[in-house]
Every structure is written in structure tokens, then in C-alpha cells.
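A.B. asks: The residues making up each chain are set out below.
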Amino acid sequence: MAKASLMDFDKALELFEPVLGFEVHVELNTKTKMFCGCANEFGQGANTNTCPTCLGLPGGLPQMNEKAIESSIRLGLALGCDIAEYSRFARKNYFYPDTAKNFQTSQYDEPIAFDGELTIELASGRQVTVQIERAHMEDDAGKLTHKGGATGRIQGADYSLVDYNRGGVPLVEIVTRMIEGGESDSPEIAKTYVAAVREIVKALGVSNARMEEGNVRCDANVSLRPRGSNILGTRTETKNVNSLRSVERAVRYEIQRQAALLSAGGTITQETRHWHEDTGTTSAGRPKSDADDYRYFPEPDLVPMAPSREWVEELRATLPEPPAARRKRLQSDWGFANLEFQDVVNSDLLDVVEATVAAGASAQSARKWWTGEIARLANVAGVPADTLVQPVQVAGLIELVEAGTLTDRLARQVLEGVIAGEGTPAEVVENRGLAVVSDDGPLIAAIDDALASQPDVLAKIKDGKVQAAGAVIGAVMKAMRGQADAARVRELVLERAGQAG
Amino acid sequence: MTDLIRLSANDLSGLLADRSISSVEATTAHLDHIDAVDGDVHAFLHVARDAALQTAADIDARRASGEPLGPLAGVPIAIKDVLATKDMPSTSGSKILEGWIPPYDATVVARLRAADLVPLGKTNMDEFAMGSSTEHSAYGPTRNPWDLERIPGGSGGGSAAAVSAFEAPLALGSDTGGSIRQPAAVTGSVGVKPTYGGVSRYGAIALASSLDQVGPVSRSVLDAAMLHDVIGGHDPLDSTSLTDAWPSMTQAARAGFEDGALKGVRVGVVKELNGSGFQPGVKQRFDETLALLEGAGAEIIEVSAPNFEYAVAAYYLILPAEASSNLARFDSVRFGIRVNPEDGPLTSERVMAATREAGFGPEVKRRIILGTYALSAGYYDAYYGSAQKVRTLIQRDFDAAFAQADVLVSPAAPTTAFKFGEKLDDPMAMYLNDITTIPANLAGVPGLGLPMGLAPEDGLPVGLQVMAPARADARLYTFGAAVEQLLESTWGHTMLSQAPVLAPNEMFASEEGVV
Numbered sequence: 079m080a081k082a083s084l085m086d087f088d089k090a091l092e093l094f095e096p097v098l099g100f101e102v103h104v105e106l107n108t109k110t111k112m113f114c115g116c117a118n119e120f121g122q123g124a125n126t127n128t129c130p131t132c133l134g135l136p137g138g139l140p141q142m143n144e145k146a147i148e149s150s151i152r153l154g155l156a157l158g159c160d161i162a163e164y165s166r167f168a169r170k171n172y173f174y175p176d177t178a179k180n181f182q183t184s185q186y187d188e189p190i191a192f193d194g195e196l197t198i199e200l201a202s203g204r205q206v207t208v209q210i211e212r213a214h215m216e217d218d219a220g221k222l223t224h225k226g227g228a229t230g231r232i233q234g235a236d237y238s239l240v241d242y243n244r245g246g247v248p249l250v251e252i253v254t255r256m257i258e259g260g261e262s263d264s265p266e267i268a269k270t271y272v273a274a275v276r277e278i279v280k281a282l283g284v285s286n287a288r289m290e291e292g293n294v295r296c297d298a299n300v301s302l303r304p305r306g307s308n309i310l311g312t313r314t315e316t317k318n319v320n321s322l323r324s325v326e327r328a329v330r331y332e333i334q335r336q337a338a339l340l341s342a343g344g345t346i347t348q349e350t351r352h353w354h355e356d357t358g359t360t361s362a363g364r365p366k367s368d369a370d371d372y373r374y375f376p377e378p379d380l381v382p383m384a385p386s387r388e389w390v391e392e393l394r395a396t397l398p399e400p401p402a403a404r405r406k407r408l409q410s411d412w413g414f415a416n417l418e419f420q421d422v423v424n425s426d427l428l429d430v431v432e433a434t435v436a437a438g439a440s441a442q443s444a445r446k447w448w449t450g451e452i453a454r455l456a457n458v459a460g461v462p463a464d465t466l467v468q469p470v471q472v473a474g475l476i477e478l479v480e481a482g483t484l485t486d487r488l489a490r491q492v493l494e495g496v497i498a499g500e501g502t503p504a505e506v507v508e509n510r511g512l513a514v515v516s517d518d519g520p521l522i523a524a525i526d527d528a529l530a531s532q533p534d535v536l537a538k539i540k541d542g543k544v545q546a547a548g549a550v551i552g553a554v555m556k557a558m559r560g561q562a563d564a565a566r567v568r569e570l571v572l573e574r575a576g577q578a579g
Numbered sequence: 472m473t474d475l476i477r478l479s480a481n482d483l484s485g486l487l488a489d490r491s492i493s494s495v496e497a498t499t500a501h502l503d504h505i506d507a508v509d510g511d512v513h514a515f516l517h518v519a520r521d522a523a524l525q526t527a528a529d530i531d532a533r534r535a536s537g538e539p540l541g542p543l544a545g546v547p548i549a550i551k552d553v554l555a556t557k558d559m560p561s562t563s564g565s566k567i568l569e570g571w572i573p574p575y576d577a578t579v580v581a582r583l584r585a586a587d588l589v590p591l592g593k594t595n596m597d598e599f600a601m602g603s604s605t606e607h608s609a610y611g612p613t614r615n616p617w618d619l620e621r622i623p624g625g626s627g628g629g630s631a632a633a634v635s636a637f638e639a640p641l642a643l644g645s646d647t648g649g650s651i652r653q654p655a656a657v658t659g660s661v662g663v664k665p666t667y668g669g670v671s672r673y674g675a676i677a678l679a680s681s682l683d684q685v686g687p688v689s690r691s692v693l694d695a696a697m698l699h700d701v702i703g704g705h706d707p708l709d710s711t712s713l714t715d716a717w718p719s720m721t722q723a724a725r726a727g728f729e730d731g732a733l734k735g736v737r738v739g740v741v742k743e744l745n746g747s748g749f750q751p752g753v754k755q756r757f758d759e760t761l762a763l764l765e766g767a768g769a770e771i772i773e774v775s776a777p778n779f780e781y782a783v784a785a786y787y788l789i790l791p792a793e794a795s796s797n798l799a800r801f802d803s804v805r806f807g808i809r810v811n812p813e814d815g816p817l818t819s820e821r822v823m824a825a826t827r828e829a830g831f832g833p834e835v836k837r838r839i840i841l842g843t844y845a846l847s848a849g850y851y852d853a854y855y856g857s858a859q860k861v862r863t864l865i866q867r868d869f870d871a872a873f874a875q876a877d878v879l880v881s882p883a884a885p886t887t888a889f890k891f892g893e894k895l896d897d898p899m900a901m902y903l904n905d906i907t908t909i910p911a912n913l914a915g916v917p918g919l920g921l922p923m924g925l926a927p928e929d930g931l932p933v934g935l936q937v938m939a940p941a942r943a944d945a946r947l948y949t950f951g952a953a954v955e956q957l958l959e960s961t962w963g964h965t966m967l968s969q970a971p972v973l974a975p976n977e978m979f980a981s982e983e984g985v986v
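Heads up: the sequence lines are chains A and B, in that order. With the first sequence counted from 1, adding 78 to any position gets you the working numbering. With the second sequence counted from 1, adding 471 to any position gets you the working numbering.
Keep in mind that the hints are not guaranteed to be accurate.
Simulated crosslink set (DSBU-like; lysine-lysine; CA at most 35 Å straight-line) [stated by the list, open to error]:
| # | chain 1 | residue 1 | chain 2 | residue 2 |
| --- | --- | --- | --- | --- |
| 1 | B | K836 | A | K170 |
| 2 | A | K170 | B | K754 |
| 3 | A | K225 | A | K81 |
None of these hints come from the bench; they were simulated from the model.
The task is simple: from the sequences and hints, build the whole structure.
C.D. replies: Structure follows, in C-alpha cells:
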């Protein structure tokens, strides 16, 4: 594949105005699939979560998952959408081996939610309101693995394996209207928008929202309009971009690629494009035209949905605080500086910090522990920090530190014990015998030993060279195996040398 | 043993219950008769002799141990091949599913088994239920027991022939535009298309989802009602299944036997289903039946359903549209036959195409093409959209008619059984066979077909169709049983007692000769 030439990003923006659009697919975390009783689980043996319905066997029929409707309505409401009083599924007909029925059960002109908007805030503070055209329900396809080809794609493969475990998993597809005026912020808008959607579905609890597992997938539409023109350019649709960073990079790449092509007198092919994480490039997929005919028609095997207004209002009442508003409130409550707060948000630790504070810890201590030692240990273990230890344990740890029972150094050891499953922080302290020695008796004995072995130091301190006490403190801390409060040791040393106060 | 095969399901039920006969005896009698005559009739695509005898023996043992069993326990039944059965091939009459044994039972089949009926095998049908003659079966046609040179109707010709040839007292059918009622009419048997949503479609290989309905096939209205009680009722696996609490259809049928059951019943004759185009003998028997009904105290009124005129046209847009989508899954990937293209690369797309080319018959391809066209962008509104509007108008015609009449009647088919090949090259002529039965499917209302005599010109059975409002299936059974009793008492015999006695298979005879 010839490497596409790219135009410098700033130059591209001088010549063209980017126009964006996004289709974000959210996999719902319902217990069962959209139209059958099979488990909606990731990572099971191939084709184990299947039945006549999701395998598209002759005679199989769909049954509606009410929880999926509920989740879709809540998501629609959270995106500021209207909820349709009457909504139907439609069949989207096309042949593909990952689609067991050879049609997708989706929604066409009667989506469950429509006409919403989502305001996002960029790092610069610029606010952008993204108009949501619709959020509709559909079932996911199975997963194809192509074997024997060089590219891992269907072209050139010797054979393909198909796993229908994902087939029939409920999806909500959120479709934006055209986003104009993004200008040089366009890549950041892409990332921030997808992050905002992800944050909302997570706050709602309707999806596991793990992009790396494909719970949230973004198709990014990009077209360029020459400056001064009011005619839209031809768009490309980069499919299944599965991380926030990639969404940003993919949009930037497409702007640069399309600008170079158009400036050289070329034309953009309306097509899907594949994102390559390794090279940071996109490549041509299949041509896509507005005339693609999916022969949509209302799904005759399902009855229409007519969610009552009472139910919709009940669901509206269950909506959590919008993530953006919540962030503002928490930052203000906690008194964090912008950078401190961003650190927490970007590390995906807002929930656990909040829970730790709720369990009694001070906000700064909670932040310090989660973004510091716990994040470090999580990184070493290669797992998300919020899976490593419970917020209530962290709050307990912080309480012990603030009560003077533990030094930071001892607390780190206790944390390791908690993570290792040795119990609560208090239990680990007890079992490992890690508490700070707060009884002055053993400390004074240790100080006397240290002073006796370093007689010149005592003299120096008595002469007023207070900093000489450091050597003694070090020796005492070593003798106490760290289980002493260094500040108290210092006080006692100075007292012994007659320099108290 | 001849006696056993000629008994109704209700009579068999009584003999089985008091242990005058065993289920093994009843089952053996039917299996032997299938062996004797089905080489000619070809009602069955698969006969499960061993499994049926095993099931029957098991039921006999449980009855002997005093276990309480349902009313049809031990009664043999034939199952249309459109229904998924986990122990028998389920092909829907198509090459593309040759030998396919589903990993599950259709809900109605599961209910048969739970009620301890004895499945004898699977019956022939037009491929994917597309047809009115079984000539479109990939496995060869079924022959009409009244005249082996003639069609048994379709698509459920196999089930209708099985009961009218005394190969089974009961059968299951499916009716998308008349596939239960039209075969009943031309074979002198009884068949019911229940209210849409009254019987589960889960495991019925879909033709047109919004029209398909599974129903009973039998030799009497009471038997059909008994079978309806077994298979009917809500099924959570079918989203279009009604949640209604249904009355006993058996009791409803028995109510029809009471004196004066027809008195005061307002019987609507649909003007548009009583005009030209009917064979004279069909028209004659229909008029005679109306006169009998009037004599029994029924009130005959004429009702008009002006939009029925468009029913066949609308049906042949909606059905192919839904079928084109329902049949997309036959792609060789997960089940059924797989055919590789003769030359060129082996891509999944090309294998799918080669499989469908080889696996589907011409009528199936015709309807897939029609449906694909009707759903295409730019044509959708004119075709599928307009057809749906016609459907609404037909529903309104029914509403208006049922405001005046308790039941509607018409001939169940415009002609008696025609000869093989007569309409095979003329799809329009074939499609018009269902002109009287299609409106009920479009509106979702229940319809019952029962014999009303033999046409004088050819001596072949003529069927009456009775329709009732949606959910009023019980009314059909009461009225149908009353009409059947009235007709039989007038004739002095049942219809099927007049059917020619089929000679044992020549093939079997000669084999015996060799031995």
C-alpha cells in the first residue's frame, strides 16, 4: 500500500474547513442479549453464548430485552433527546458472514431517541455543543477472525472463523449531526466528544464503557470544505476507532490526508477507512455511497415500542448528575487546582477518589494516594487502579496516617498488605506489627543508644548545631525499623541534648 | 387395524383413555398404513417409525402406571416440515435444508410432546410454503388421495393428504395465505388458521412473519379444536404471541353440537368472495350450504368488503418482501447445504451465491426477487408502503363486516383440486387459488376450512371457509362444528368416508412378491 502524502495540519486548516460527524456505538451491559436469553459476556469460548435466535437458525425469533429499552431511554435522556412515543425496529438487509440473519435488527425512521445535544469543554476552555440527531437501538454482529492473509483482513485470507457470542449484544448507536466550525480544534473535539459519551454511559451504568473491549466504538466521519465554499466535501468514515487518543489521531490524519489529496487535484472517494493503531494511518475499506440500499422495512417479528410518558419520567428521575456538572462540583468541593483535578479525571479515578472522600478521607490525601502509590502499583500489575483496592480501605489507610499511627512509608507497606488480601489496613497493621511506636520509652532507649555511640554528635547539638541531630534520628529510625515518628524522635533528641523548644 | 386409522382423534382418545387400545396399536396401524399408501400419496418427507413406536410404548407404560395423561395422549400426529423438530430433519420442502436436523423443537412441537402426542413424521409442502399445490416441493409433489393425478393443495398438501388418506388423524400445518385452509378444501379435510398471535411461531421456519400462523389439520372440527388447545396460548419466545387467556376450543366445538347452535347466528356472505370465477360446483355447494344454514335458523346477510379486491396484489408484495429478508439466512455459513462455485475464487460471497443458486427452487427465487425489488429504495413507498395501506383498509373492511355479522363465510377455494402441471407455468393462476383465504391473513383474523360436499361435475371435495373476528377462534369452532354436524346429518355420512380407498403401494406389493 503506497503511503498517503499528508499536508501539514496548519496548512490544511488554512485551505480547508473540516466538517465532522460521529457514530458512536455503545454496547449495553445487560445480563442477556438484545433479542434472546443468551448471556451478554465478553471473553467466553467461541460460540458458547448462542441459541437458535442469535445464530439465525431457521425458525428462530427475537424477544425484546426490556432492560435494553430502559438503558436506551436513559441514555437518550442523558443526551438531552426526546424519547419517541412510538418506535419500531427495522431490518437492515445485507449479506455478511458475521451477521447471522443476514440482516441487522436496527432502527430506521423511528428511533427510540432523537434531537439531543451534548456540550463539551476543550482544554482551552472553549465550549462546543454537539447536536445529536438520534440514538437508536440495534444488535451487534459476531466477530470474524481472518486466517492466513498478511493483513488479517478478509481479502487474502485463506479462511475465516466466526464467533457469534457478540452477535445479538445490544447496542445503542448515537449519531451526531454535522459538526462545523471545529477548525483546528477538530481532532480534540473528536476525542472530547467520545470521552464525554463514554463518561455518560459509565455514569448511567448502562455500559462497561471499556473502549479496549469494544464497549464504546467510534466511527468518525471527516470531510473538508474549501475555504469560501458552501458545498460540503466528500466524506470518509473511519471505522471502529477504539481509543480516545486514536480518535483524535485518526481525525487529524484524515484532515491532513484529504487536504493533500484535494490540493493535488485529486478527489476523495466516499468510503469506509480502517484505522491502523501501529502506523497511525488509515487505509481504504469498502466504497460507501448514499445510494447503498439496505432495503429497510419494519421488523415484523417484533411489536412496536410505545414507552409510556410516566415510565420515561420515572427513568428521567434515575439519571445521575451530568458528568460535566459533577466534575465542576467536585473540583469546587475538593478545592483542587486544575492540574490536580485533570490528573484525577485523566487517570479515570474520579469515582474512587469521590468514594474515598465519602468514606471519610480528606480530598487531597485521597487524590495523593490514588494518583500516586496506588496508580504506581496498578501500573506495575497492569490492571486499572480502581480494581486494585477498595476506596473504603484507602480511606482507612489515610485515617491511620492522619492519626499518626502510620508514617507514609509504613502506610505504603500496609497498602501492599491490603492489596495482597491480608485484610483491612488496621488488620494489616496489627498482623504485620507495623504501627508507629508512640510510646516514648523505647524511643528514648534507642536515642540514648545512638547518642552513646556517637558522643561527638551530642556535643555538636549542645553547641547549637541542631542539624547534627539528623544523624541520630537516622540511626534511631533504623533501630526502630521505621516504626517511629521521625518528628517525635527529633523532639526527643533535642530534649536530651538540652535544646528543647 | 383399518378401523383404527379411520377413527377421529377424539374417538381414539376415548379408546386410549379406557385402555381398549394402546398407543402402540394406534401408532402401528398408522405407520403400517403409511407404508402401504404413502408411496403413492407422498404425504411424508420423513417417517419416524422407531421413534414413534418408542414414544407410544412409553406413553402406554405411563398410562398403565396410573399417571394422569392429557386428552390426546397416545394419539399419532403428522408434522409439517416447516416446523423445527430436534429428532427429525426439518427442510421446509427445500433442497437448501436437505438433511438438516435442528438443535431445538418449535414451541408447538414441544407442546405436542408435552401433551404426549406421538409424532409420526414430517409432511411434504411447497418449498418454504410458497405454493398452492405442493408441486414446488424440492422432494416431489404430494398426490391428492381423492385422485392421485391431482394436487392436494398447498403449501400444506402433505398434512392435508396425510389426514385425508388416513395416514394420521391429526397434523400440524402453517397458513400464510391459505396453506392450511385451501388444502383442506381440496382434500375434504378440516383446517384452521388461528388468530395471528394465537399460536406460537417460534421454530416455524418463517415465510412471511406478519402473515404466518401455525394451526391444526384434521378430519373433524372437534379434532381440530382439541389440537388447538394443545398448541395454542402465549409463548414468550414469540414477541407477536398474544397474552390472552383463551377459552377451551374443545368445549367451544362441543357447544356446536347442541340443538339450536345455529339459531340466530348472523352469517355474513362476503359479496366480493361470492362472485364470478368460482367453479360451478363450488358455487352450487356454497349456495346449498347457505340454504341449509338458513333452514337451521341462521340469518344470512350479505356484507361488502370492497378492498378485498386488492388483497392478492397487496399480499404478493408483503409476502415476498418479508420472505426475501427471512430467507437471507440460508447462506451455507451455519447450517444446511454448502455449494462451492464451479470456478473462480472461493470467497464467502461467492459460496453464498452458489449455495442459494443451487439450493432454492424457481418459485423461491421468483419471490425473493419480487420482494427484493419491492423493498428497494425508490420503490418501497409505491409497493411495500401501498400494500401496507391496503392491509389497513382490509382490516377496516373486516371490522365493518363483523359489526353486521357474527361470522363470515365463503368458499375456501375457487375450484376443486386441479391436475398436476395445470397451473405450474402460470404463477398468476396459481396465486389466485388463495383469493378467498388471503384476506384473513392480511387482517390477522382466524379462518376455518371444512368440507361442504362434492362438486357434481368432478366428484371432488369442495370446502367452506368460516372467518371470525380476531381472538374469536372459539366462535369458529362452535359454528364450524354445528355446520359440520348439519352437513353430515344431511348427507348421512362424513365427507372422508366417501374418499376412494387407496390401493396398497405397488412398490411394496411387488417387493412382497419378490420375497
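A.B. asks: Each hint: holds or not?
C.D. replies: Checked hints:
Proximity of K836 (chain B) to K170 (chain A) is assessed by CA-CA distance (about 20 Å); at most 35 Å being required, the pair is judged to hold. At most 35 Å may separate the alpha-carbon atoms for a hinted pair to count; K170 (chain A) and K754 (chain B) exceed this at roughly 46 Å. With a CA separation close to 25 Å, the supplied pair K225 (chain A) and K81 (chain A) stays within the 35 Å bound.
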